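J.: Sequence:
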Amino acid sequence: MSQSYNRGLIEDFGRWREFTAGMWAWIFHKFTGWVLVGYLFTHIAVLSTALTGETAYTTTIQALESLLVVRILEVGLLAVAVFHILNGLRLLLVDLGVGLEAQDKSFYASLILTGAIVVASVPTFVAEVL
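Last residue of the sequence shown? That's 130 in the UniProt record's numbering, and every number before it is there in order.
Since the hints were made in silico from the structure, they are not lab data.
Among the hints, erroneous ones may be present.
Derived DMTMM-like pairs: lysine to aspartate or glutamate, alpha-carbon spacing no greater than 25 angstroms straight-line [said to hold, decoys possible]:
{"id": "1", "residue 1": "Lys-30", "residue 2": "Glu-74"}
{"id": "2", "residue 1": "Lys-105", "residue 2": "Glu-18"}
{"id": "3", "residue 1": "Lys-30", "residue 2": "Asp-104"}
{"id": "4", "residue 1": "Lys-105", "residue 2": "Asp-95"}
{"id": "5", "residue 1": "Lys-30", "residue 2": "Glu-128"}
{"id": "6", "residue 1": "Lys-105", "residue 2": "Glu-54"}
{"id": "7", "residue 1": "Lys-30", "residue 2": "Glu-18"}
Just so it is clear, the structure is predicted and the values come from calculations on it, not from any experiment.
Given only the sequences and the hints, what does the whole structure look like? Please build it.
T.: Dropping the structure here:
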């Protein structure tokens, strides 16, 4: 006979304080992966306007590029993509046995490097809109 675990009414959301760097890396990697999949569908939807004609596509792209909100979302997309790439490389090295002792430090390094790349690229993204 199997035993069940009583989780109460709702999962205890206070447990996030107990998460280690590895758990946060897993959560962020899954989240960024789903965001990238969602962006893929949005990207295909925008590109599909080219099927209706060159002017429709050009008008759509120009309208989107002129919005500050879209530029901010592009910065967010860059942050998501860079973190996902760096964390994926970190996971690859861990799977190969490199840096097993310093997984938390490499996770924090990927966060810092992602932040540095994103902050350095913000002027490039918002320069034409402001």
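J.: Each hint needs a verdict: does it hold in this structure or not?
T.: Structure-based check of each hint:
no.: 1; hint: Lys-30 / Glu-74; in the structure: 19 angstroms, holds
no.: 2; hint: Lys-105 / Glu-18; in the structure: 18 angstroms, holds
no.: 3; hint: Lys-30 / Asp-104; in the structure: 17 angstroms, holds
no.: 4; hint: Lys-105 / Asp-95; in the structure: 16 angstroms, holds
no.: 5; hint: Lys-30 / Glu-128; in the structure: 33 angstroms, violated
no.: 6; hint: Lys-105 / Glu-54; in the structure: 49 angstroms, violated
no.: 7; hint: Lys-30 / Glu-18; in the structure: 19 angstroms, holds
Hints 5, 6 from the earlier list are contradicted by this structure; the remaining hints agree with it.
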